[in-house]
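Number of protein chains: 2
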Amino acid sequence: MKISVAQLEIIAGHPDINVSKILLEIEKAKQNNVDIIVFSEMAVPGYLIGDEWENTAFIKDCFSYNEIIKNATEGIVAIWGNIDLDFNNKSEDGRIRKYNAAFIAQNGEYVKSRSNLADGKVYKTLMPKYREFDDERHFYSLQKYVQDYNMSLDYSINHYLLEDVILPFTIKINSEYKKIGIILCEDMWSDDYTINPIKILHKHDPDIIVNLSCSPWTWRKNNKRHSVVRERIKNNPTYFVYCNNTGIQNNGKNIFLFDGGSTIYNPDGSLLCVAKDYTEETKTAILYDYYHYNPPYTNIPNPEINEENDKKELFDGLVYGIRNFFKNLPNKKVVIGLSGGVDSALDAVLLVEALGAENVYAVNMPSKFNSNTTKDAAMILAKNIGIHYAILGIQTSVDNTINDIEKTVFFNYSNNCETGLTLSKLNLENIQARDRGSRVLSGIASALGAVFTNNGNKTETAFGYATLYGDINGAIAPIADLYKHEVYALAKYYNELKGKEIIPSSIFEIVASAELSEDQNVDEGKGDPINYPYHDKLVRAFVEFRLDPEDILRLYSEGKLAETILCDKKIIDKYSVENFILDLEQKWKAYKLSFFKRIQAPPIIAVSRRAFGFDLRESQNGIYFTQEYFKLRNKLLYEKNNMGLF
Amino acid sequence: MKISVAQLEIIAGHPDINVSKILLEIEKAKQNNVDIIVFSEMAVPGYLIGDEWENTAFIKDCFSYNEIIKNATEGIVAIWGNIDLDFNNKSEDGRIRKYNAAFIAQNGEYVKSRSNLADGKVYKTLMPKYREFDDERHFYSLQKYVQDYNMSLDYSINHYLLEDVILPFTIKINSEYKKIGIILCEDMWSDDYTINPIKILHKHDPDIIVNLSCSPWTWRKNNKRHSVVRERIKNNPTYFVYCNNTGIQNNGKNIFLFDGGSTIYNPDGSLLCVAKDYTEETKTAILYDYYHYNPPYTNIPNPEINEENDKKELFDGLVYGIRNFFKNLPNKKVVIGLSGGVDSALDAVLLVEALGAENVYAVNMPSKFNSNTTKDAAMILAKNIGIHYAILGIQTSVDNTINDIEKTVFFNYSNNCETGLTLSKLNLENIQARDRGSRVLSGIASALGAVFTNNGNKTETAFGYATLYGDINGAIAPIADLYKHEVYALAKYYNELKGKEIIPSSIFEIVASAELSEDQNVDEGKGDPINYPYHDKLVRAFVEFRLDPEDILRLYSEGKLAETILCDKKIIDKYSVENFILDLEQKWKAYKLSFFKRIQAPPIIAVSRRAFGFDLRESQNGIYFTQEYFKLRNKLLYEKNNMGLF
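Quick note, the sequences are listed as chains P and G, same order.
Each number in the working numbering comes from the position in the first sequence (counting from 1) with 575 added on.
Each number in the working numbering comes from the position in the second sequence (counting from 1) with 575 added on.
To be clear, the hints were calculated from the coordinates, so they are not data collected in a lab.
Remember, predicted model here, so these are calculated numbers, not experimental data.
One or more of the hints may lead you astray.
Unchecked claim - With a straight-line cut-off of 27 Å between C-alpha atoms, the simulated DSS-like cross-links for lysine-lysine are:
id: 1; chain 1: G; residue 1: K673; chain 2: P; residue 2: K1167
id: 2; chain 1: G; residue 1: K1000; chain 2: P; residue 2: K907
id: 3; chain 1: G; residue 1: K778; chain 2: P; residue 2: K665
id: 4; chain 1: P; residue 1: K907; chain 2: G; residue 2: K1167
id: 5; chain 1: P; residue 1: K1172; chain 2: G; residue 2: K1067
id: 6; chain 1: G; residue 1: K950; chain 2: P; residue 2: K982
id: 7; chain 1: G; residue 1: K778; chain 2: P; residue 2: K704
id: 8; chain 1: P; residue 1: K596; chain 2: G; residue 2: K1167
The task is simple: from the sequences and hints, build the whole structure.
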């Protein structure tokens, strides 16, 4: 039995493009005498389309393509993901009932169903609803289908169970009957659910289990997936086919990377074939009857897990994300503020890799606080990567703005009094940032018909260490899901990759600094008020591990903080108890209160376990410390003070 | 039986504050010899707290307050909403299992359960997951509870149904036994679900049904609720107690208004008592045995439904929303750009009503394109409402920026060529907008330690007729969920309310215009490229009615468009077929493509059936027209051309 896995670059919201690709792959597969071709989950509409699932005309349009694909299956079996519509029943939002479905057709007909589901249809059983996933918002689950069906039955009749609808299809290929179990994405990742769809399928001894996925890249996910598949088929050896799409999909605030990684697993869990990451590729393999063909199978080695590969995956993913994001824009030109710091340096090289040096326009925008060190570094980098480069000083404009504001007088029409304005040091810093972002970069980008990037990292983003409309702006934030130490690591990785010092060494040597005042003079070693080696980890603890200050303080008091948040213990031990608590509270406040800035921040490429944006849903609710937090805090300070007494 | 409904202003994310209010109300109720006191859904944690439901320390903290409230019920029955935690089971996201629950306690003990649920607990059955609601994301539903329980049972045993867990509690009050059915919010709004919790409760003839809600204000919702309650108890007359909270809650992009409207309904559905909108108030009533006390009950008339009341509700809601939003800020000062147009005029009077004139700082920022008409109107308005007023011209700064950009030369380090920049007319308009927003308003607001408002309306927001970092910025967008005609209506309403021309008549007389170029000269009657009387309705059709261009074109070709989108037919008929189609496509494109601006737009007070932001989830997926759209379009153009031949 010859099977093809078609790993396509799916364009969300464009069923016309996706279906033309699907049809072409089916034709190619027929010419190649393939018996079964598999496409990914939601291969027709795409997956991240926001509330466009509520657009009836659009979903009917997507649904109508099922007929076209089905009719193209003369002489072949095709399995594809699309939306299924039940026009006779409502969803719980009062709209047409929709299922996240897989379809299977052969010779122009849907394959017969063995349950009370319509022919050729499978519905997703497990509905992810964490992070960016909103399946329950739009799709009816198989559980609800069964529940409703039972409600229509007489009480005395034996009620349906999920076991009665999760069944393999039987297809005839080369005069042999084969049982194919089909599941959708999350159905495989069942550890946290009380239902295990694969276990149910195993009761019927399928020859193949096919998983249609639309699954974004996350750190070391592919190896995790290999283990999960092996675990699932360990006691019931079965060929396992995993089909994922490539491309990027977004929900506005976040851009997700779909790496593909489509894999055919041998019944012993080894890898029969794996499609290339971030590449449209159809992999074809011949599957033998497991009972008549003993291992060793053709198999390829597991990818090695190490930090070098991690960096490569991350870097390649970001480049792919940027390149694909710009495909949707009128042109590939991009403007970037190049400060001579490491964040903009990394963004610049990512842009060059993604779009070509000819499309990158860098602007250095010094005020009187910018050092020659960083100005020189910016220019050298621009030269090294061969981009367009300009210098536009902002001091005159900033001085004019300061003057304009300080001479402004408000007349109070209630009491005929006047109020003048004075600018604080922080105000003066923000004026510089806004002059750069909203005056210079925005102006230059629009003159070029281009967009500009946001160069913030995740640690700054978490603490709001940035200025709204200043450096919080731009069309895309390529590295806002990287902690500062990851920014350094990828910048170094790039130099290693190129075998020379593309990013000048001075950028790695100076202290991280916004250079917005005398207090941030890099030549004097003065920089950001962030202790990155610890605060990077603290942000990750808050955002990804979902820890509260209470947890941090408990771990701290138990001496387990460093190992839990993967931080060097010496860095934490440098804080006195009082300073540790003070810092923790300041940082928690900064993280919580700065959400007002993130509301207006640009789209972030999501690469961590939790990215700011739609992935991490926040509210402007101020600060809260739990009752337990205060107990722990008082105990720690009391103990400390008591110790002081002895 | 004496019952109190405590309508409290709940502060999301601050259980300490909420519980102190709850305990105080319980004490007051005891002194008042009340038998039962009812609080709202999620009265302890609040409801819109984003993914803070994943913060284990926080939710344990909220959960721990149950014990404190329970212990305060000596001599009284209390019913309150809070989170329930099941530490022994995981949710489907792998975290602690959480329920959106109601609790009932009497004399310091949880009231005995009649099902296999723990004593004193009720779980929400129907989980809203549309608009801003994300219940399925965080909470386990009662359906899943039943499903899991059944999976633990032997197949031969009679399985549990929802009927076995949706049961009233029996409490003893004044030596009489009373049956109290408790449901949560959506459980009452069951029309689109296959389960009707109230119907299940009715099987046990409860004396009272209590609905704990956390339900935001929407247009004419209270009257809709009255009808729903009447429908639910029509065949089973029962006292019905609806408890909702006041306050505002947000999910970043949207601010929702909680009007309260807590009501005790007589068994015949008439209103026994109703708490004041947007007011912390505890209503107390004596409920008599329905079978021994015949109507007429004490009852108050239904609120009248008319446009005047609609405008009052909308205006009062916006003022309440603004006032509450500023409670969370360091101070109540606010800066507003006052252009002399109707949008900023309405925002200014809303700010004055919400915060007092002494806190409002208006700035008029003319360029050479601003007319004396609007400049005068701005000043007269400022005078009329007695606010602080300043004028800061932007022409010099704008000219400097134009000069800075036009003299910028990019040096290309790849080929040693240079590139200059030229600014288009649109670029020049955007430079003015950004100078106002990101230089002047941001600078002045920060000097005052204040924030500034966004004055955009919904129609502009839909089409992206605004400049990022220009007029798309500010801490809050009070009127971005109002169509242009609603802005005019509320502005007029304000003058009527005050009985004089506070907002000068010139503001109503001039054409709506951005005044960013000669082409937008208001004195020559030139304004925005938006035909508001039609486009207001088109935006509503897209955003609230969820119609696609296919639907619009079908309705148009059937002659039903005007009546469906509630637009004056004459306005639509002014377009030729070609121009109608051209405009439709342009506007659909503008709506879809301008989402990149909304990603970075400030929080909007949600007052419509669908507000931009978290309420309407969008993706940056470009434009798509369905296959049916093209058929309709070709048919219309063909018919038209054919007709032209005769």
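Do the hints match the structure? See the list:
1. G/K673 x P/K1167: 23 Å, holds
2. G/K1000 x P/K907: 22 Å, holds
3. G/K778 x P/K665: 26 Å, holds
4. P/K907 x G/K1167: Distance of about 20 Å is within 27 Å: holds.
5. P/K1172 x G/K1067: 34 Å, violated
6. G/K950 x P/K982: 20 Å, holds
7. G/K778 x P/K704: 34 Å, violated
8. P/K596 x G/K1167: 24 Å, holds
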